[in-house]
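Taken in sequence, the protein lines are chains A and B.
Going by our numbering, the first residue of the first sequence is number 1, and it counts up by one from there.
Going by our numbering, the first residue of the second sequence is number 1, and it counts up by one from there.
It is worth saying that the hints were derived from the structure and are not from the lab.
Just so it is clear, the structure is predicted and the values come from calculations on it, not from any experiment.
Here a beta-carbon is modelled for each residue, glycine too, at the ideal position from N, C-alpha and C.
Mixed in with the good hints, there may be bad ones.
What the hints assert, rightly or not - Here chain A is said to cover these stretches of chain B; the calculated rule only asks that three of the stretch's residues, wherever they fall, bring their Cβ under 8 Å from a Cβ of chain A:
(1) 24-33
(2) 90-96
As the list claims (entries may be wrong) - In silico negatives: residues of chain A with every beta carbon more than 12 Å from chain B:
(3) N11
(4) K58
(5) I88
(6) D91
(7) M97
(8) T119
(9) K123
(10) Q153
(11) L159
Number of protein chains: 2
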Amino acid sequence: MVIYFCTTNRNKFLEYKEILSKFGVQIRMLKIKLIEIQAKNLEEVATFKANLAFKIVKKPVIVEDAGLFIKALNGFPGVYSSFVFKTIGNDGILKLMKNVKDRTAKFKAVIAFRNKKGTFLFKGECKGRIAFKKRGKSGFGFDPIFIPYKSTQTFAENLELKNRISHRRKALEKFVKFLKK
Amino acid sequence: MVIYFCTTNRNKFLEYKEILSKFGVQIRMLKIKLIEIQAKNLEEVATFKANLAFKIVKKPVIVEDAGLFIKALNGFPGVYSSFVFKTIGNDGILKLMKNVKDRTAKFKAVIAFRNKKGTFLFKGECKGRIAFKKRGKSGFGFDPIFIPYKSTQTFAENLELKNRISHRRKALEKFVKFLKK
């Protein structure tokens, strides 16, 4: 079974490929730049994009929307994580978190799968905290500043751990379970 | 002539009313929450929303999209100014700008006017810099931290100055000129 993964983020695609190959699911990267809606939550964004992609390719597609939600910053950067990463980056987040005691944060991912039958959502969350400085080289995005719950390493310091417990992994597991049915 | 101004921001509406009344243009607030696209620039967002609003009300409508673009932060918060204001606010921006020497910034506004004949865009820009602390109580949003070029006061300290030279004022003047033709 081949599923089209609509993304322009090569790192994200590789992460998917790595995880899904373990479950015998093949994906192909579909590089279309979709309009993104400015919505309050990842669910809306992912659903909107999956429907749009399906209209274009007329084949089973998945899209993913993910974000980092920092409690002390009222959920910033949230739905706009990608833009925030491109402009102020990890250094900007660390600056905003300077002298902030409550470092609670979580990553969320929503996968929207769209086929002839409809749109199906699969969600994953990974709780953790914001590090005091960037650490590690693997992964991408906010990985160097995110330490998952019960760990002392950032996602960027331990890619094996990331791929085992991440928001993305959890959402993908639910998706694979759905496919197997 | 009555034009519908589609916005959920009452402060913005009042600013428009104040400026447009001087030109004999009457506006009515149209409170519809429109889907917002996550676009690279204000022009796309405003055009998309104006077309959507026109489909709903079938009367001449304007929508405005505005943002603050800070040079040292690669254009952040830009198109997402409203979200950034709601989450990290002026304090967040000041924190990000701590120890940053180049404080250059600009406000941009794009008005999209949509009627039976099509969509027309009117742009305004106001250059200035980011203050070192919040000053003043009038205006809204990032006004307390924005000092326009050649001034020593923030927009929030001098509303009369703001309404005379702002990005919004400039865009509105172009719009009024268009209406008079």
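Do the hints match the structure? See the list:
1. 24-33: Three-residue rule not met by the region 24-33 of chain B, so violated; n is 0.
2. 90-96: It holds: at least three residues are needed, and the region 90-96 of chain B offers 3 whose Cβ sits within less than 8 Å of chain A.
3. N11: holds, 20 Å
4. K58: holds, 23 Å
5. I88: Check fails; 5 Å does not lie beyond 12 Å.
6. D91: violated, 9 Å
7. M97: Answer for M97 of chain A: violated, closest chain B Cβ roughly 9 Å.
8. T119: T119 of chain A clear of chain B: closest Cβ-Cβ about 17 Å, beyond 12 Å.
9. K123: About 20 Å separates K123 of chain A from the closest Cβ of chain B, which puts it past 12 Å; holds.
10. Q153: The claim stands: Q153 of chain A keeps its Cβ more than 12 Å from every Cβ of chain B (closest is about 27 Å).
11. L159: Holds, because the least Cβ-Cβ distance between L159 of chain A and chain B comes to about 27 Å, which exceeds 12 Å.
In summary, the numbered hints that this structure violates are 1, 5, 6, 7.
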